[in-house]
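Novice: Protein chains in written order, with the working numbering: chain A, 1 to 426; chain B, 1 to 279; chain C, 1 to 325.
A couple of the hints might just be wrong.
Here are the simulated lysine-lysine pairs, DSBU-like style, with alpha carbons at most 30 Å apart [what the hints assert, rightly or not]:
1) C/K92 to A/K407
2) B/K54 to A/K159
3) A/K159 to A/K181
4) A/K181 to A/K241
5) A/K347 to A/K159
6) A/K181 to A/K407
It should be emphasised that the hints constitute simulated quantities derived from the structure, not laboratory data. None of the values given here were measured: they were computed from a predicted structure.
In case you want the letters, here they are:
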Amino acid sequence: MRRRVWGWALVLLLAVGMLPAQAQESITLVVWDNFTRDAEQAMIEELHAQFEAANPGVKIQRESYDTSDLTALLPRALSEPNGPDVAMINQGFSSMGALVKAGLLLPLNAYADQYGWWERYGQSLHERNSFSADGTVFAGENLYGVSNTAEVVGVYYHKALFEELGLSVPTTWDEFEALVKTIIEAGRTPIVFGSLDGWPAIHTYGAIEHAFSQPEEIDRFIYRSEGGTFNTPGNLIAAQKFVEWIDAGAFSPGFEGMDYDNATLSAFLNQEGVMWITGSWMTGTLIEQLGGEDAVGFFLVPSAVGLETPYAIGGVGLGYGIRATSQHADLAAAYIDLMTGPDAAAKLFENGFLPAVAVDASLLTEGTLTAEVVEAWNTISAGDTVGHYLDWTMPDIAADIQELMAKVVTPEQFIANVEADYTAGR
Amino acid sequence: MRRSRFSPAGQRTALTYALLGVFLFIAVMPFVGIVLTAFKTTAELANSPFALPKAWRWENFVAAWEGARFAAYFQSSVLVVVPVVVISTILATLSGFAFGMYRFPGDSLLLLIILLGLMVPFEAVIIPLWQIMGDLGLRNTYWALILPQVALSFAFGTFWMRANFKNLPTELVDAAVVDGCTTWDVLWRVLFPLSRPAILSLVVLLFMWTWNEFFLVLVMASGDLRTLPVGLALLRGRYATDVPVMAAASVMVLLPVLVVYIFFQRQFIQGMIAGALKS
Amino acid sequence: MTGGTEAGLKPASSTLGTRLAARLRGGGRPFARPYQAYLFLLPGLAVYVVFVLIPIFGTFRYSFFDWTGFSPPTFIGLANYVELTRDADFWKAIGNNAFFVIFYTLIPILLGLFLTSLMTRGRLRGLVIFRTGLFLPQVMSPVVVGIIWRWLFALDGPINELLRAVGLAAWARPWLGDFTFAPYAVGVVGSWVQYGLCMVLFIAGAQSIDEELYDAARVFGANAWQQFRHVTLPGLRQQILVAFVLTFIAALRVFDLVFVLTRSGGPGKQTLVTSILVYQQTFNRNRAGYGAAIAVVMTLIIVLVSVVVLRLQARDEARDAAITV
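My request is simple: use the sequences and hints to build the entire structure.
Specialist: Laid out in structure tokens, this is it:
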């Protein structure tokens with residue numbers, strides 16, 4: 001009996017030892033992307049089949065990771081000789097910037113000229129995927145990524161509740177604030193919100209901050225360019241307003257202990273609050289969960305500083321980049337062209353994504369949630385008022401906002417703390 | 001026979017049951033909650049996890065099975081976990097024997113060095129480990145998952161088994177040595193049977209930890225080499241998570257560990273009954 | 001092999017008294033030829049050196065470098081360590097780790113002892129159910145633990161409902177998001193997860209305590225508490241030390257539980273721990289050198305405490321040996 005156990009252990013050991021690493025055959029294009037959800041697999045596989053059909057002898061080997069794992073793993077994977085040829089790169093100093101600095105990414109300017117990528121979307125959006133050749137200047141002269149999705153943070157609202165309370169979509173900040181007050185007076189929760197995960201606080205505070213800011217101010221802050229500072233009048237007003245709203249009961253009771261995926265989402269689905277300030281990525285989930293396009297609408301937080309088009313957090317999603325040492329750079333560029341082109345855009349749109357390239361108007365049905373989200377993106381994209389996620393530059397800012405919400409610090413101290421970290425380069 | 005005195009013993013037993021029952025409730029309820037959640041829709045999450053689902057949605061399990069490519073990753077998990085548990089239990093039993101039964105030059109220093117593996121925040125060691133795997137040409141093989149976990153389990157197991165051997169009655173060993181047994185005989189025929197509870201619990205713990213290991217697998221392996229927990233993580237969306245599907249996947253990942261634990265429980269209990277009969 | 005069975009090996013002269021004495025002697029070391037010990041150690045040690053010790057040395061080395069984790073490192077001497085001393089986040093995290101020792105080490109050991117004492121004395125029916133059920137928290141993956149406990153602690157969750165039901169409505173709060181109570185909430189979950197390890201360890205240890213010791217104690221009229229105090233507890237001395245060292249290390253290395261409960265250690269930095277800092281610095285900020293320095297300091301603290309504990313144990317043994325000889 002004992003003999004047999006040992007024997008099995010030995011057999012097992014030998015068997016494991018003989019398992020080889022994946023074998024290479026013809027050309028294998030290794031791709032790392034961010035499309036991890038079940039529903040997204042069919043879309044990607046169709047596009048891959050299309051690519052493999054157009055390029056005989058080429059096989060795509062794909063791995064998908066969520067954003068944080070991708071960010072953690074890419075630096076080492078890209079420094080390997082058989083690492084991913086194409087990978088989706090997160091924007092910002094600590095992701096794309098660090099990779100450029102280490103010489104791991106190929107500048108895409110020549111391919112962008114060749115394939116006409118510059119025309120896909122506006123210059124200010126390409127800047128987000130650009131760095132100087134040494135990786136030190138954000139929005140520099142070299143392009144290192146091309147995106148196929150876009151995001152915009154705005155307000156989802158239950159149409160039925162708006163009707164019940166006699167509300168209409170606000171077009172000015174004052175109207176928005178009045179609306180929040182009306183809902184409180186009606187004994188309802190205006191905005192579902194949960195800050196347990198940290199990052200949703202950046203979006204909610206950030207939405208108010210963007211309403212009180214000029215695009216140049218936040219651009220300078222994010223890109224750390226000349227005159228970049230957190231200490232602006234708009235930031236202070238936003239912080240004060242945020243605290244005022246918390247005290248007035250504008251947000252879900254017990255929001256400090258609510259997470260995003262579970263508590264906040266189901267609170268909105270169950271109409272425990274009238275509105276939800278979050279990103280366009282929730283559109284697909286909401287349509288699926290509510291069984292249609294009609295129950296919920298979407299609008300942008302209006303500007304409080306007199307901007308024609310609202311200034312809203314948003315941007316392009318992770319950009320496809322090419323490993324500097326890839327043996328198949330041309331093929332990789334062709335792949336990127338397909339994945340960021342109109343065919344892919346149509347498929348992304350079908351799957352509830354907001355494509356970075358403009359969606360064909362014929363695909364939109366007036367009055368649906370999807371159409372409202374797309375229109376919101378088109379508005380800020382055309383008006384060049386696409387804002388930023390504050391944690392691109394301040395990775396710790398969620399903790400500061402949580403301190404502000406807990407009243408451990410005053411709005412003035414909050415501004416001073418963030419500014420101190422900012423100037424210290426943290 | 002202590003069971004003959006009925007009333008006070010009976011009262012004490014009732015109290016024991018009551019106390020154990022309270023703790024059992026606290027320990028098990030979350031598990032019941034997750035099983036029920038696995039059958040629900042996202043909208044139902046706002047209600048209590050202990051509320052019964054409106055309809056038993058087996059689809060969640062199907063979605064989890066397909067989404068996490070369970071068949072492929074399950075095979076991978078088994079190919080990693082079984083060798084890790086077998087090899088490290090053997091190695092740790094031997095070294096635990098050495099530390100528990102011998103005094104030798106440098107023993108406390110060596111023990112400390114082995115314990116070091118448990119003390120270092122693993123998040124910091126993974127990059128140098130990744131480099132070594134590259135140097136040895138083992139990256140993206142099962143060895144890259146097996147060997148580091150054997151090494152870490154060896155550290156834990158040594159500490160675990162050393163305590164076991166130090167606690168065993170030494171006169172048994174003395175007697176066996178007097179009787180002319182070889183060291184190997186003493187270990188195998190005398191100490192090993194006595195160490196069964198400790199070895200069984202070591203096997204359970206190592207199985208469970210290796211089965212649930214996430215970070216090492218994420219960094220060291222890709223493709224079909226990935227194990228179940230990493231497959232589970234692939235179900236996570238960029239911002240949104242389908243909690244019921246995650247719950248269904250978690251239940252499926254959990255089941256093998258539970259089965260192993262329950263199986264070894266039986267052996268535990270048998271050991272105890274044998275012990276009781278002895279007196 | 002002359003005496004085939006266990007019973008056959010028992011010395012004929014074994015009286016209760018000598019067995020008790022031997023029992024109390026703790027861990028005598030019966031084998032003389034130390035080279036054999038090295039042989040038993042060698043195979044495991046070889047694997048350990050290559051796949052754990054050398055990488056640890058690598059981490060130690062990188063703590064003296066400015067290093068992203070992928071580009072060429074630059075030697076900067078002690079600069080990372082100097083920066084550490086001024087890093088408020090690091091000190092906050094160390095303080096939080098120290099706080100978690102209460103919940104990860106002390107409470108689980110006490111709970112484990114208590115449950116062991118309930119389960120090992122007397123023959124209980126349904127023991128399989130209790131043992132399996134009570135161990136469940138250890139088995140569950142951290143992701144699941146996070147989902148469940150976030151809901152338990154929510155403002156309208158069962159814990160707050162219970163408080164309202166017993167007239168303590170003023171105490172109801174979103175525990176994990178509360179600036180004052182979040183560390184306690186995370187700590188409670190830690191105790192809930194960790195006691196199972198202690199319990200299994202103690203139960204395994206209790207199996208090898210000689211039944212005759214209990215019989216003897218009863219002959220002297222010892223009650224349940226006295227039996228526990230004078231037989232079980234001394235019999236589990238090794239296991240308690242092991243449990244202490246392991247759970248103490250767990251308290252100082254905790255990562256998963258904080259990550260699934262409060263993500264990056266919020267609210268604010270109230271539940272920030274050093275492992276989260278190491279991870280953030282290494283993988284989010286690309287400061288692997290600085291992350292390594294944090295790891296080295298943490299390791300030194302853990303080593304220091306472990307050495308003290310192991311020393312105490314060694315002295316304990318020596319004293320026992322002197323008494324019996």
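Novice: Hints first: check each against the structure and report whether it holds.
Specialist: Comparing the hints with the structure gives:
Between C/K92 and A/K407 the CA atoms are separated by roughly 19 Å; this keeps the pair inside 30 Å, and the hint holds. With a C-alpha separation of about 26 Å, the suggested pair B/K54 and A/K159 falls inside the 30 Å cut-off, and the hint holds. Of the pairs offered as hints, the one joining A/K159 and A/K181 holds, with about 18 Å between alpha carbons and a cut-off of 30 Å not exceeded. Pair hint A/K181 plus A/K241 holds up; C-alpha atoms about 13 Å apart against a cutoff of 30 Å.
Of the pairs offered as hints, the one joining A/K347 and A/K159 holds, with about 28 Å between alpha carbons and a cut-off of 30 Å not exceeded. Using a Cα cut-off of 30 Å, the hinted pair A/K181 and A/K407 holds, with the two alpha carbons roughly 22 Å apart.
Every hint from the earlier list agrees with this structure, and none is contradicted.
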